[in-house]
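S.K.: If you read the protein sequences in the order shown, they are chains A and B. Following the numbering used here, the numbering of the first sequence begins with 1338 at its first residue and continues without gaps. Following the numbering used here, the numbering of the second sequence begins with 0 at its first residue and continues without gaps.
Be aware that one or more of the hints could be misleading.
[As the list claims (entries may be wrong)] Some but not every residue of chain B turned toward chain A, in silico, with C-beta under 7 angstroms: (1) Leu106; (2) Val136; (3) Arg139; (4) Ala155; (5) Ala158; (6) Pro162; (7) Gly163; (8) Ala238; (9) Leu243; (10) Gly276; (11) Ile279; (12) Ser283.
[What the hints assert, rightly or not] If we take Cβ atoms under 8 angstroms as the criterion, some of the chain B residues that face chain A in the derived model are: (13) Val57; (14) Trp269; (15) Thr273.
Keep in mind the hints are simulated off the structure, nothing from the lab. Built from N, CA and C at the ideal position, the CB exists for glycine as well.
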Amino acid sequence: MAASFSRGGRESALLRVLWTAVKILATVALTFLGLLVVTFLIGRVVPVDPVLAVIGDRAPQSVYDRVYVELGLDRPLYEQFWIYLQKVLAGDFGESFLTKRAIVDDIARVFPATLELATVGILIGTCFGIPLGVWAAVRQGRLADQFVRVFGLIGYSAPIFWLGLLALLAFYARLHWVAGPGRIDIAFEYSITPKTGLLLLDSAMQGKWDVFANVFSHIILPAALLGYYSMAYISRMTRSFMLNELAQEYVTTARVKGVPEWRIIWIHALRNAAVPLVTVVALSYANLLEGSVLTETVFAWPGLGQYLTNSLQNSDMNAVLGGTLVIGAIFVGLNLLSDLLYNLLDPRVRRQA
Amino acid sequence: MSAMTRHEWLLSDRPTSRRQARLGQAYRTWLSFRTNWLAMVGLGIVVALVLVALFANVIAPYDPVLGGDLRTERFLPPLTGNHLLGTDDLSRDIFSRIVHGSRLTLLVVVLVAVIATPIGLLVGTTAGYFGGWVDTVLMRITDIFLAFPRLILALAFVAALGPGIENAIIAIAITSWPPYARLARAETLTIRDSDFISAARLQGASSARILWGHVTPLCLSSVIIRVTLDMAGIILTAAGLGFLGLGAQPPQPEWGAMIAAGRRFLIDQWWVATMPGVAIFIVSLGFNLLGDGLRDVLDPKARK
């Protein structure tokens, strides 16, 4: 009796997990569909005539009419959307007006640069943000707390492209501490064979440390800048999670038992705060994509952000919408990942699921 | 009555009229707001922004668009002659341009708030009040808009609509309403089943009347706090669009566009790009401080 009861309980728990997974997948699919509708509609309200973009404005009317039909513009809007949907799902975002190449290839080429920048950025942000947040929580209301708060507020308030320009002016032009705009000096450009597209990783794997040093001195400034912005957010959230944990009774118990204070803070409390922090870090990783558009423009970083703004300035709509869609998809993916990680890491949530 | 000072009248715990009670409540909020000096600094900055924008013609010593002598007055460093912050590549006084640029910044902030807040309130209260499939559909749409990073979506919209400050404002407004809708929905869910809503319904009030007259006012304060907290982000997004050449077009003295224009001369004439950035920084810091302070006073749950 008891055994069958528990088996029934386990089965229904499994069903519930499956049901949750189906619900999450349906939500994600709907959101992706929505992203597609938005980019499709944006593409349709563009004042640029898509036919003229293909054939130029000197082609005769007969060519215009033919291309008009070829592009499917004579069909009803929902049919056009259906075609667009099929193409995107097949990985076809169209051809770039500017580079005359498939947008997917263009994006695959520039993406590693953004990935590398954002990853170094989030590493910097996490490594500084969490200790700062813990420090602020432990010294709540004291000078250290105010310092961390103001330090973060400056990050929230300063335009990232302006700070980037100031950083270039100070550390590159005046102090010569770091290398300037770009990813790598031209002299080193072809000295490593691209494998992952992440230059730091490639040069380290091939043992070319002079290249590594050059790449590092290029990436450190923009990455530190992005890292500063995510640090502002991460430290603020860490502070509030830690304040929450430090007020719990198990902390008092540990103190009464005579556990050293550093152990209580860094082992007992921080471990419990770590679960929501994973979500925060994943979210700020997604936000770095947004910051990277402006940062890449300032630092001439050949990544997705620069590709997007270049296409924008040349009204290359296919490329703009392709880039927007990719960034939106990554954003949704990271949000989903942070949700899943939260469910995996928190035993309380896991038991309920 | 005459012996009572205004302070006592406002703080009276036996208000004799609805007006006195309301004013008293506002006065108490103000008193507690005033103790937060950082928030007061923020308020000061925002008030200063409004004043500068109103009296830009009086404050600015030069014309923001017409430059001086191109042979002798280009790139004057700060504090030369009458040019407090120096001049740019077209011999225009940077201080005057920043002062006039405050009008554009204020315009963006006010218009985005005026467009996005009602949309968010309408969508959120409707979704929360009716529930069911209305709720599901509206919240899915909201989630889709939240799924794009804000600047990227605004970029795509501006790309479609064409550059210009009006289109930048529309694009930012389109991307800012979803968080307000979420918030308004959450608030509505907590009050939807209250007795006073049932009472209003029993009296025959229409759904529109309940939404507008009873639900919306209660959602307003938390949404306003959120809007204030978002102002800094709105300013930064607008400046970012301007920096990318998609916002206000030259010769309009928009701060982000000014930084972009000064970028070419950064190494030798650092002040041209730096000064407008200082203005953006101060104003968005002001809104951040004000928003933090307002949240502390009006939303005791968030106080830590």
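S.K.: Against each hint, give a clear statement of whether it holds in the structure.
M.R.: Okay, the hints, checked on the actual structure:
no.	hint	verdict
1	Leu106	violated, 18 angstroms
2	Val136	violated, 11 angstroms
3	Arg139	holds, 6 angstroms
4	Ala155	holds, 5 angstroms
5	Ala158	holds, 5 angstroms
6	Pro162	violated, 9 angstroms
7	Gly163	violated, 12 angstroms
8	Ala238	holds, 5 angstroms
9	Leu243	holds, 6 angstroms
10	Gly276	holds, 3 angstroms
11	Ile279	holds, 5 angstroms
12	Ser283	holds, 4 angstroms
13	Val57	violated, 28 angstroms
14	Trp269	holds, 6 angstroms
15	Thr273	holds, 7 angstroms
Violated hints, in rising order: 1, 2, 6, 7 and 13; the structure is consistent with all others.
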